[in-house]
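*Asks:* Work out the full structure, taking the sequences as your base and the hints as a guide.
Protein sequences appear in the order of chains A and B.
For the first sequence, the working numbering begins at 1 and goes up steadily by one.
For the second sequence, the working numbering begins at 314 and goes up steadily by one.
Quick caveat, the hints were computed from the structure, so don't treat them as lab data.
Predicted, not measured: the structure shown is a model, and the values here were computed from it.
Misleading hints may appear alongside valid ones.
Said to hold, decoys possible - Selected chain B positions facing chain A (Cβ under 8 Å, derived; list incomplete):
hint	residue
1	Asn355
2	Tyr367
3	Phe380
4	Ala386
5	Leu393
Glycine residues also receive a C-beta, built at the ideal position from the N, C-alpha and C atoms.
For reference, the chains in residue letters:
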Amino acid sequence: MQLDEVLFWVFAIIACAGAISVVLSQNIVRMAVSLIASLSSVSVLFFLMGAEFVGVAQLMVYVGGTVVLLIFGVMLTGGSPTTNLKTSPADVFVAAGIGALFLLIIGTTLGAVDWTHGATSSPHATTLEANSTAASLTLDPIQDYKVHRYLAIPLTGIGVGQGEAADANHSPAKDNNESPKSGIKGALIRVEATTESHTGCRFRIDHPNHGNTATLFVTNSNALASNSEVAVTVRDAGKDKHFDTDDDLRLTRKFRLTAVQNDTRSVAMALLGATKDDPSYLFPFEIISMHLLVVLIGAAYLARPKKQNVIGI
Amino acid sequence: MDSITINQVLWVSSILFVCGVACMTTKRNTIGVLMGVELVLNAANLNFIAFSAYTPLGVHGQIAALFVIVLAAAEAAVALAIALNFYNNHESIDVDNGNELKG
Numbered sequence: 001m002q003l004d005e006v007l008f009w010v011f012a013i014i015a016c017a018g019a020i021s022v023v024l025s026q027n028i029v030r031m032a033v034s035l036i037a038s039l040s041s042v043s044v045l046f047f048l049m050g051a052e053f054v055g056v057a058q059l060m061v062y063v064g065g066t067v068v069l070l071i072f073g074v075m076l077t078g079g080s081p082t083t084n085l086k087t088s089p090a091d092v093f094v095a096a097g098i099g100a101l102f103l104l105i106i107g108t109t110l111g112a113v114d115w116t117h118g119a120t121s122s123p124h125a126t127t128l129e130a131n132s133t134a135a136s137l138t139l140d141p142i143q144d145y146k147v148h149r150y151l152a153i154p155l156t157g158i159g160v161g162q163g164e165a166a167d168a169n170h171s172p173a174k175d176n177n178e179s180p181k182s183g184i185k186g187a188l189i190r191v192e193a194t195t196e197s198h199t200g201c202r203f204r205i206d207h208p209n210h211g212n213t214a215t216l217f218v219t220n221s222n223a224l225a226s227n228s229e230v231a232v233t234v235r236d237a238g239k240d241k242h243f244d245t246d247d248d249l250r251l252t253r254k255f256r257l258t259a260v261q262n263d264t265r266s267v268a269m270a271l272l273g274a275t276k277d278d279p280s281y282l283f284p285f286e287i288i289s290m291h292l293l294v295v296l297i298g299a300a301y302l303a304r305p306k307k308q309n310v311i312g313i
Numbered sequence: 314m315d316s317i318t319i320n321q322v323l324w325v326s327s328i329l330f331v332c333g334v335a336c337m338t339t340k341r342n343t344i345g346v347l348m349g350v351e352l353v354l355n356a357a358n359l360n361f362i363a364f365s366a367y368t369p370l371g372v373h374g375q376i377a378a379l380f381v382i383v384l385a386a387a388e389a390a391v392a393l394a395i396a397l398n399f400y401n402n403h404e405s406i407d408v409d410n411g412n413e414l415k416g
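*Replies:* Right, here's the structure in full:
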């Protein structure tokens, strides 16, 4: 359990508990305090995902501005510990039912979509590879990827073949042994991924049933040095069923991972339009800044103290 | 435990969103309704940043989140001004009292 996972779970639970407490609480001041806790935890989640500028903006503008404005509203509209506007139980029941249904719909949609599909594309070429006369290992070539944070790279065509020219997608015919499915009965295959220049980048290989496809998961890749070379090695244990001995067969494929940084500098560059492919966000930002100024002046005018009509007695 | 995937961040965002919608529908205090609106906008922001971090969306998700923060601040100011006027006219912050247009 790494530190970023622990931090994520702690602050995700605080954010959700704060949001649920806003809904369930009947006291307006307690709702405001729970909202502060929830929004601050969301800001920490922004920091964990590498969006530092937006996290700081969230803390300053949302928690330090908007929620304080809400608390001022509570003060001016007579919110006190004695006033209690309870919702009727029928409304609570209907709202709870609709909320649960809504969460179910969103949750099933989340689970049904493969969000990593847009981040990867599998190579289509297959090749043959022969290492020795007795057996050969195969692994399809892997293309270069741009990595943002978390990437799932499919590795296809893993197999052990018999002889010089082996088929890339070698499926087991009638083997029922417990060893992984491969051309050679009893072959034991292991897939590894290494890179020389990684600081905190983690690889994990998912090789279910040691079949002919695996998935390489790259996490925490913004710690990866840009344009690193990653080597994926498929290794067959050979006759002695032990790895790291002399009769292991090895096949290595290399590809490059380019880390794309999403830090504060890239936010500033995108605002100015300094990247040649992407448009500049400067003009829309100017427009909404003027919009914010006009709205704040209008709100201050709208909330001005009005002249009271005093009926003299 | 595996590392954090995008699905877990989207679950947090959807729980925040549903809580915000429940807050908007059940609260009788106008300021409570506004807190629901803040929760909904924060859920959308978390969604943007999650897709910015985990997919090739990149820095554009963070720019969109900045836009959302600015516009949410503007909208909260106007909504509070309206709530203050409502309180001054009705002597109460209960939304159930805003029924003058009832037929």
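*Asks:* Confirm or reject each hint.
*Replies:* Here is what the structure says about each hint:
1. Asn355: With a closest approach of 5 Å, the Asn355/B hint holds.
2. Tyr367: holds, 5 Å
3. Phe380: holds, 6 Å
4. Ala386: holds, 5 Å
5. Leu393: holds, 5 Å
Checked against the numbered hints above, the structure violates none of them.
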